[in-house]
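Visitor: Listed below are the residues making up each chain.
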Amino acid sequence: MGLLYGLIAVGLALIFGLMDVTNFAHGEFLMIAMYLSFFLFAFFAIDPLLSAPLVAAALFVFGAVIYLLLVRFAMRAKANAGMVQIFTTFGLAIVMRGLAQYFFTPDYRSIPQSWLGGKTISIAGIFLPEPQLVGALVSILAFVGLYFFIHRTDFGRAIEATREDPGAVALVGIDKNRVFAFGWGLGAALVGLAGAIMAVFFYIYPDVGASFALIAYVTVALGGFGSVFGAFAGGIIVGLVEAVTALVLPPSLKSVGIYAVYLLVVFIRPRGLFGSI
Amino acid sequence: MDKDFAARRRRDLIIAAVLAAIAALTPLFVKDVVVQNIMILTLMYAGLSQSWNILSGYCGQISLGHALYFGLGAYTTELLFTKFGVLPWFGMLAGGAVSALIAMGLGYPFFRLRGHYFVIATIVIAEIGLLLFHNWEWAGAAMGITIPIRGDSWLKFQFLRTKLPYFYFALALCCLAWFVTWWLENSKWGFWWRAVKDNPEAAESLGVDVFNSKMGAAAVSAFLVAVGGSFYAQFVSYIDPESVMGFQFSLLMALPAVLGGIGTLWGPVLGAAILIPLTELTRFKFGGSGRGVDLIVYGTLIVLISLALPRGLLSLFSRPKKTGAAR
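Chains U and P, in that order, give the protein sequences.
Residue numbers for the first sequence, in our numbering: 38 to 314.
Residue numbers for the second sequence, in our numbering: -15 to 311.
Derived from the structure by calculation, the hints contain no laboratory data.
Check each hint, because a few of them may be wrong.
[Claimed, not checked] Some chain U residues close to chain P (C-beta under 10 Å, calculated; not the full set):
# : residue
1 : 57
2 : 133
3 : 254
4 : 285
5 : 308
[As the list claims (entries may be wrong)] Simulated restraints on C-beta separations:
# : chain 1 : residue 1 : chain 2 : residue 2 : range
6 : P       : 19        : U       : 90        : 51 to 59 Å
7 : P       : 67        : U       : 174       : 47 to 55 Å
8 : P       : 227       : U       : 143       : 46 to 54 Å
Being a predicted model, the structure only gives us computed values, none of them experimental.
No residue lacks a Cβ here, since even glycine has one placed at the ideal position from N, Cα and C.
Assemble the whole structure, with the sequences as input and the hints as a guide.
Guide: The structure is reproduced here in structure tokens:
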């Protein structure tokens, strides 16, 4: 579970952390991904595991388009840039939720049978649910991939450089909008991947994103803005804390543990565990 | 310059008095209960947003967790009323005091944080409050509290047959929040806050007590929001954690100020006067379908306004030379 939080969060870490753009519609990106993988299953009987790359690709396009149509302009605001970003993406989230309600109805849906759903695997006497296990594997792969992408390729460096100083970057011939559109696409694709896997074992409904979005923000901030590794570590910590809290407190309070740990960490380290900005 | 400033402040006060007088007379002409309801909510949100604006607009500490104080105000009042029979008027003050104290207690660790870390911390603390009230049996847990009906009276601040008293109280609350803002704007606090917002390091070096000025803003802001929460609880006469402490309240308090002009005296009032009727009307017109059309319309409006007018609607009225300086 923690690794899945990590996967949701790492997409956000890319957008929120590396590019320093607030995205309050991240949970809704997740919701769209879950619906996509549901409909691919319902109409074409494609197993969520197979359709995951398709969903990720679709979300990549979606993320890039959202950046070019909306966020680009929100970032251009001279005054109150932070608030403009918050409310532009918040408005977007409301619209997406409304559209989902309109087209998909508020009904709860789930994918009844899939290759992984409901199966468990036994490793050394411990039973583990398969979907979560696959999710964890995909998350680790995605993290490693993203880590190398950010730190070893020119494009990854370009993203960081663009956040640092858009003006200077323009001087060396990097198009800020292309870099950020790509970054948004990638962030959305990662959350798409998470959504496709989660569609197997979570109910799908228009408001599903909201419950995960706050945890994703907390995960990113816990790890520290500007750090991919931080989001990964944050995800694992959040997953562990949630599991431990669920043991000691009633299940409805399990998020309290996560929030308390976040507060504790930032009081001691005001920039999160591995934050650079 | 000083003369201009004094003149502007006098003008603001006169405009406010005239607007309040006009608002006070409207119920003579508007008898429709639905419209009166919208007016009450508009005034309440104007007051709440004005209070939010003190901490987040003037002092620059963006809080998206003010629902906590709103909920605390509502719960303190109603717990005192239903469990101990304390009149809501005292409960209101108690709620304000509790919220102000908690805001200051939280301020100690919170005001060390900057930027996103601070904003997320405020969201998280409100969410913790929400979850705790959800699980607090004595306070009604998820079922909430239904306020017992004891008949119409000013003493118990409960009116069944008419909404007018609520209207006048909301108006008074809105005026109070406005007046407090107006008064603080020109006090040493107001100048400190703007200095802290623009550049905390520079302010500190010039002898501004940055930490205490943030604490002051938080306390005033939380107190007024909690009074709003108490009012809301009496007005709707039923509260549960979700309906008074949910995240949407934090946003609904911030939104009018942001739309009208954050960190300005008139921004919250203007923003609320436009936003709240619009919200209620879209809900009224499109909400019945249950298919989210109201959400689509509402969300689109928020996106368009925040993109088109990053400084808020007030920027439409100010002359270009003024827009440079943050008032």
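Visitor: Would you mind marking each hint as holding or not holding in the structure?
Guide: Verification of the supplied hints:
no.	hint	verdict
1	57	holds, 8 Å
2	133	holds, 8 Å
3	254	holds, 5 Å
4	285	violated, 13 Å
5	308	holds, 7 Å
6	19/P - 90/U: 51 to 59 Å	holds, 54 Å
7	67/P - 174/U: 47 to 55 Å	holds, 53 Å
8	227/P - 143/U: 46 to 54 Å	violated, 19 Å
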